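The residues making up each chain are set out below.
Protein chains: 2
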Amino acid sequence: MNTAATLSQLFAGIQNDLDRVDTTFQERAASGLTILHSASMHALASPGKRLRTAITLLSGKLNTYHFEKLLPLSVAFEMTHLATLIHDDIVDEARTRRGNPTVNALWGDKIAILLGDYYFAKTAGLIADIEDHRIDHLFSDTVATVCEGTIMEMMTAGSVDLTIDAYYEKIKHKTACLIAACSKGGAILSNASDEEIELLYEYGLNLGIAFQIIDDILDYTEDQATIGKPAGNDLRQHMVTLPLIYALQEQPQNGQYQQVSQLLSGEPQKEPDVRSIVEWVAHGQGVKRAQMDALIYGRKAREALYHFPASPHRDVMDELIDFVVARKK
Amino acid sequence: MNTAATLSQLFAGIQNDLDRVDTTFQERAASGLTILHSASMHALASPGKRLRTAITLLSGKLNTYHFEKLLPLSVAFEMTHLATLIHDDIVDEARTRRGNPTVNALWGDKIAILLGDYYFAKTAGLIADIEDHRIDHLFSDTVATVCEGTIMEMMTAGSVDLTIDAYYEKIKHKTACLIAACSKGGAILSNASDEEIELLYEYGLNLGIAFQIIDDILDYTEDQATIGKPAGNDLRQHMVTLPLIYALQEQPQNGQYQQVSQLLSGEPQKEPDVRSIVEWVAHGQGVKRAQMDALIYGRKAREALYHFPASPHRDVMDELIDFVVARKK
Numbered sequence: 007m008n009t010a011a012t013l014s015q016l017f018a019g020i021q022n023d024l025d026r027v028d029t030t031f032q033e034r035a036a037s038g039l040t041i042l043h044s045a046s047m048h049a050l051a052s053p054g055k056r057l058r059t060a061i062t063l064l065s066g067k068l069n070t071y072h073f074e075k076l077l078p079l080s081v082a083f084e085m086t087h088l089a090t091l092i093h094d095d096i097v098d099e100a101r102t103r104r105g106n107p108t109v110n111a112l113w114g115d116k117i118a119i120l121l122g123d124y125y126f127a128k129t130a131g132l133i134a135d136i137e138d139h140r141i142d143h144l145f146s147d148t149v150a151t152v153c154e155g156t157i158m159e160m161m162t163a164g165s166v167d168l169t170i171d172a173y174y175e176k177i178k179h180k181t182a183c184l185i186a187a188c189s190k191g192g193a194i195l196s197n198a199s200d201e202e203i204e205l206l207y208e209y210g211l212n213l214g215i216a217f218q219i220i221d222d223i224l225d226y227t228e229d230q231a232t233i234g235k236p237a238g239n240d241l242r243q244h245m246v247t248l249p250l251i252y253a254l255q256e257q258p259q260n261g262q263y264q265q266v267s268q269l270l271s272g273e274p275q276k277e278p279d280v281r282s283i284v285e286w287v288a289h290g291q292g293v294k295r296a297q298m299d300a301l302i303y304g305r306k307a308r309e310a311l312y313h314f315p316a317s318p319h320r321d322v323m324d325e326l327i328d329f330v331v332a333r334k335k
Numbered sequence: 007m008n009t010a011a012t013l014s015q016l017f018a019g020i021q022n023d024l025d026r027v028d029t030t031f032q033e034r035a036a037s038g039l040t041i042l043h044s045a046s047m048h049a050l051a052s053p054g055k056r057l058r059t060a061i062t063l064l065s066g067k068l069n070t071y072h073f074e075k076l077l078p079l080s081v082a083f084e085m086t087h088l089a090t091l092i093h094d095d096i097v098d099e100a101r102t103r104r105g106n107p108t109v110n111a112l113w114g115d116k117i118a119i120l121l122g123d124y125y126f127a128k129t130a131g132l133i134a135d136i137e138d139h140r141i142d143h144l145f146s147d148t149v150a151t152v153c154e155g156t157i158m159e160m161m162t163a164g165s166v167d168l169t170i171d172a173y174y175e176k177i178k179h180k181t182a183c184l185i186a187a188c189s190k191g192g193a194i195l196s197n198a199s200d201e202e203i204e205l206l207y208e209y210g211l212n213l214g215i216a217f218q219i220i221d222d223i224l225d226y227t228e229d230q231a232t233i234g235k236p237a238g239n240d241l242r243q244h245m246v247t248l249p250l251i252y253a254l255q256e257q258p259q260n261g262q263y264q265q266v267s268q269l270l271s272g273e274p275q276k277e278p279d280v281r282s283i284v285e286w287v288a289h290g291q292g293v294k295r296a297q298m299d300a301l302i303y304g305r306k307a308r309e310a311l312y313h314f315p316a317s318p319h320r321d322v323m324d325e326l327i328d329f330v331v332a333r334k335k
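Heads up: the protein sequence lines correspond to chains A and B, in order.
Letter 241 of the first sequence, counting from 1, is numbered 247 in my numbering, and no numbers are missing.
Letter 239 of the second sequence, counting from 1, is numbered 245 in my numbering, and no numbers are missing.
Extracted from the complex, chain A is given alone in its bound form (with noise of 0.2 Å):
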């Protein structure tokens, strides 16, 4: 299956609107220093799915629809989501991102920190044109959350007894929570009702959740060429992801647990003993349980899209739910 001609073929009917979205961010981003100018049109340059975008777009198109308002809040969405990737970079020593080079690799830290923090100062100001102050809130809450978020992804990294319950607490914060604040924002601006706005978080909010899922799951199935990073690349990070948990719970008692345990802990990492642990998550139980709950989740997010009445723009949202669960990158 190609999941990216799928998805354009799913956004079809916003296409126009995605695009202008894509035209006033490198507008937003743009500054007269050459240096920050540059490393800002690189980072701009490999973009990703824009799903933050379109759920913010489809989220209003169930209700009056104000591209006017939709538009610098989607800008400031996906401004946000880049800066706390650019950010991320940093603290993960990341050199690639989406198989290109990273801020931090090609113009070092300082500049990736100086971006990161430029373009949270842009994101206010994307905001304030909005001229609503519920969507202020929002968008303070959610920026302080994600980073909550970060920080719980770091506290916990190297834990091997991470419990389910902390896994989904720090993936809600990290990530889900930003999503629920597009199709929420979206809601907001269509002028829905408190329950609509409700329901549309709750579809972002579940919808992010399993999203993250599948992203961790794919960082054990899938391969560099897919992706841009070599399978098991969190495993490699110390990072424990819910296929791990789940591998970990179903065999607790065997040889494996010493191994991540050992690998977590920081100790020199032979290159076989990652690939064993990878194959044996990717092809045991934790996969599969983790895939599981990915379906729970995007179960969720539709219940609460099914409180609106039938429209092509809900079938979109709906579908977008099985594109986020069976997506291959």
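Keep in mind that the hints were calculated from the coordinates and are not lab data.
Note that the coordinates shown come from a computational prediction; the quantities given were computed from them, not determined experimentally.
Wrong hints could be hidden among the right ones.
Because identical chains cannot be distinguished in the list, a pair is counted as satisfied if it fits within a single copy or across any two copies.
Here are the computed lysine-lysine pairs in the DSS-like style, where the Cα-Cα straight-line distance is at most 30 Å [claimed, not checked]:
hint	residue 1	residue 2
1	Lys276	Lys75
2	Lys178	Lys116
3	Lys55	Lys116
4	Lys306	Lys75
5	Lys335	Lys294
Could you slot chain B onto chain A? The hints should help.
Below, chain B without anything else, positioned relative to chain A:
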């Protein structure tokens, strides 16, 4: 002269409100995450001069004083300032600030990056509380400008031929624009006229320039006991500031030019060489001419201020100029 006592005498009339800003800062800088909370409380435990808050409040006092609006604005500006200091300390690899260990020294670069980001997120919430879109834009523009200033500072480090214009451009972006935003924001929130808003912006901008010039002078004239870092710190970090530019202009042909040039180019530093340059700048024309400039900018700040009718609060803002220019730490 005990400058600290002088400053607290100067601010006696707004002391209660300054204290309330401190308390609210502590409340808003809290986090449910232990490590983030500890780092945050450490960062704000060594407060600066609270100059930004005082300027915000005093500017408000010149018109109709609305403390409930000025409170979140002051906290947001102090928090922004602290966030930029925390990120600066990573960029500069600084181990101490005001005699205390930096966040990066105690918790590492990762937590320091995230604490700064967390503060940026929190400031967005504070600004949202004010519910005034002029403030939203002022804030966003100011933070973006400060980021650009930090990059200008980085990019001009090591440049023996830095012009006076480029120096002023750098300090306007890095320091003065935030102080100008304090006085302008104070004016906006106290129902000042457009002309008064502009005048108070001029007051803050020129005071901020004078403040930074004096900071750069003190780096040559003061020692560790007084400013918490050894004299010549800027020079050691290859920062070219006004006293050095003037010293080099004064005697461009002498041996010092060559010596400074080598120092700035990153050649290994010999401590006696650094000290001899510091002495030459401190006791020659470099510092003298920079002091003249600081006086000129102080005068510009005063000219803007004197468009307001005489009042006890105007007197404080007037004396604050003298304090800033005469301060010894």
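A quick look at each hint next to the structure:
1. Within a single copy, lysine 276 and lysine 75 get their C-alpha atoms no closer than 52 Å, and across copies no closer than 58 Å, so neither meets the 30 Å cut-off.
2. For the identical chains of this complex, lysine 178 and lysine 116 are neighbours both inside a copy (29 Å) and across copies (20 Å), given an alpha-carbon limit of 30 Å.
3. Both within a single protomer and between protomers do lysine 55 and lysine 116 lie at most 30 Å apart by alpha-carbon distance, with minima of 27 Å and 27 Å respectively.
4. Taking the closest pair of Cα atoms, lysine 306 and lysine 75 come within 30 Å of each other only inside a single copy of the chain (28 Å); across copies the shortest separation is 42 Å, beyond that limit.
5. Taking the shortest Cα distances, lysine 335 and lysine 294 sit within 30 Å of each other inside one copy (17 Å), while across copies they are farther apart (64 Å).
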